[in-house]
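**Q** Chain by chain, the residues:
There are 2 protein chains.
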Amino acid sequence: MELKGKVLIAQGGGPTAVINQSLVGAVLESRKFPQITKVYGAINGVEGIVNERFMDLTRETTNNLEKVSKTPASALLSTRVKPDAAYCKEIFKVLKAHDVRYFFYIGGNDSADTVRIVNEQAQISDYEFRAIHIPKTVDNDLVINDHTPGYGSAARYVAEAFIGLNLDNRALAGVYIGIIMGRNAGFLAAASALAKKYPDDGPHLIYLPERAFSIDKFLKDVKEVYQKYGRCIVAVSEGIKDEEGNPIIANLTDNVETDAHGNLQLSGSGTLGDMLTKLVKEQLNITRVRSDTLGYTQRNFIGSISDIDSQEAREVGEKAAQYAIWDNIDGSIVLERTGTYSVNYRLVKLEEIARKTKYMADNFINAAGNNVTHDFYLYARPLIGSGFLQPHRLRAPMATQLLR
Amino acid sequence: MELKGKVLIAQGGGPTAVINQSLVGAVLESRKFPQITKVYGAINGVEGIVNERFMDLTRETTNNLEKVSKTPASALLSTRVKPDAAYCKEIFKVLKAHDVRYFFYIGGNDSADTVRIVNEQAQISDYEFRAIHIPKTVDNDLVINDHTPGYGSAARYVAEAFIGLNLDNRALAGVYIGIIMGRNAGFLAAASALAKKYPDDGPHLIYLPERAFSIDKFLKDVKEVYQKYGRCIVAVSEGIKDEEGNPIIANLTDNVETDAHGNLQLSGSGTLGDMLTKLVKEQLNITRVRSDTLGYTQRNFIGSISDIDSQEAREVGEKAAQYAIWDNIDGSIVLERTGTYSVNYRLVKLEEIARKTKYMADNFINAAGNNVTHDFYLYARPLIGSGFLQPHRLRAPMATQLLR
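First to last, the protein sequences are chains A and B.
Here this note's numbering is used: the first residue of the first sequence is 3, the next is one more, and so on.
Here this note's numbering is used: the first residue of the second sequence is 3, the next is one more, and so on.
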């Protein structure tokens, strides 16, 4: 039985570099079906629904859609709003008025929960309606998924950044601490390891939220590497936690924000890096200690888009339209890896994804809890795509010393 | 009269993404001359001379040199050491022992001064010796030069970063403050303007060390932009100063380092951004205010190398060998712009460049002192090279609202 009506697509949460591939995949595929009367895009996620701000994407050119697909960060703009039952009532009033029968929401585990709630309310109000969650997140923390669209490009940026940071730190030796996005899962910080080519390349140490962070252990580790190489590069996940699971950043400062989802603000501040720098300077008596917080550029850099990530982001958008319109079912699309390297897609129940967090597998983290393993390398390398640039070193012989 | 002997090349100061192009240009060109007995590279700049740590680049393969040329950050490693007369005495002992007759030093205005001092000491000791300063600096602050190798690639990175940061800030509106490298000259912060495509794109405000920074004016500017667009992107040079010429960062914290050249440490800390964020939050009562310090990635990012910058960096290296070996003269190579767009090279006296700082021209800065002009755009655009990626927006019509 064909469900006739409009498709509505929206984007929620933090942008990624390939989130518009999913949008365009869903738009182009939806436009092929005769029972789809129109394809709308909600401006600012669910806010655009209650405010009735819809862009008519049926009237967008294919050329421009293709160009937008290559542009980072939610083209329909985003939101951090999380609907409750009252908000959903407003949403349904609007969806009914516009005869929207298909809703595709591109986002992370918070957005998956939004889709779940909206879908639940549709069933309660007996409104025939299909809702699909299209996965995206640079954190790579959606359960069931092998990985999530958005991660590969962010990982590529982080790896490319650490190639240069490692070379810079070789040229002017010291301790360098790079703070990387990742609230609960360390996948993005771990991607810094992909920068390593030569045996003494950094990052030499990688700290992840999956392992309790001890300041004493951190200082001991840095000292050891510094004594060995005369320099040390550290990659630190912004979400590192102590033994009790409290974020280290919350221990170091009392001036932190929380968002609508109750999440602590970790990005957009240099606090964690500056505090760790201070510790190394003071406790280890090392002069040249520098820190950068890699910042928002990680999730939206136009110059480091992974082709693999881009293609998969496009495909999950297409699949959303196919599952909903051909199969008339709801759910969340998941990516499964097969062989080395290909992916398959399938649909799971929304509640299987919503609000759940995937962490790095134990075999991705070394025993000391301060680096990643070769298993992680094998996992992550395909995701950053082709054309990944490599650094090269001089390897001419040293001249004989004449004066000593 | 041909001066027979060795060539010694070294790299000083902060790395750039194309500094190895200059190294390889000088090496390959020097290797062509029969009177050049060997081409050495000093490890860690002038430190490698006194420590007699020379790599024999005559024995490096052309293939590997070409690969190294495309790798960011000083392949011979760098130094912040600035020689005095005693240090120069040590240098000459080594240069004489190795029969080094040509010295090419790749660096900024501090390195130009090093070359000047070394050359002066050569004349005092009556040691026949040619010394050339090869320009590089991401700050773009060498006098006489139209621009400096290293700047174009750093500018490209900054511009690419702000494309994404602007899109991100559109998607999740708020105030975003990006802190950009540039001790005395604002060229790199100004390059953020190259990210703008659409009329309402950020950066909306750009603060440069060339204009006194007033916190009251800054807050007024941000408020105005925020009221107009519902968001605001600010690019701030790390070197911004108050009316008296004191760095703002020094006014905001008393915990700052200085290097061997007496320069205040500006990079490698999030302090300035965090302090400005705090001001905006508290004084303007805006909730979502974020700041990133773009950090060392600006000068060493492997993925944003400008082809124009790369070619010019190669050429200044080649020209060093040609001026010294063909013409038997000392000096600093300068780049002159001709037409739109080409460059010529010429040699000027070392003292014309050493320790001097070029600032942004008045016609590059707007009257309000909070942005750049179209003249700056015309100046900077060719330097970031070809293939600069562009963002695209959806431009479909909005659907008619049915409920209001």
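Hint data in this document are derived by calculation from the structure and do not stem from the laboratory.
Every residue gets a Cβ at the ideal spot worked out from N, C-alpha and C, and that includes glycine.
Be aware that a few hints might be false.
Stated by the list, open to error - From the structure, some residues in chain A lie toward chain B, with a derived Cβ separation under 10 Å:
| no. | residue |
| --- | --- |
| 1 | Ala-175 |
| 2 | Thr-295 |
| 3 | Gly-297 |
**Q** Please write out, lowest number first, the hints stated earlier that are contradicted by the structure.
**A** Hints that this structure does not satisfy do not exist here, as all of them hold.
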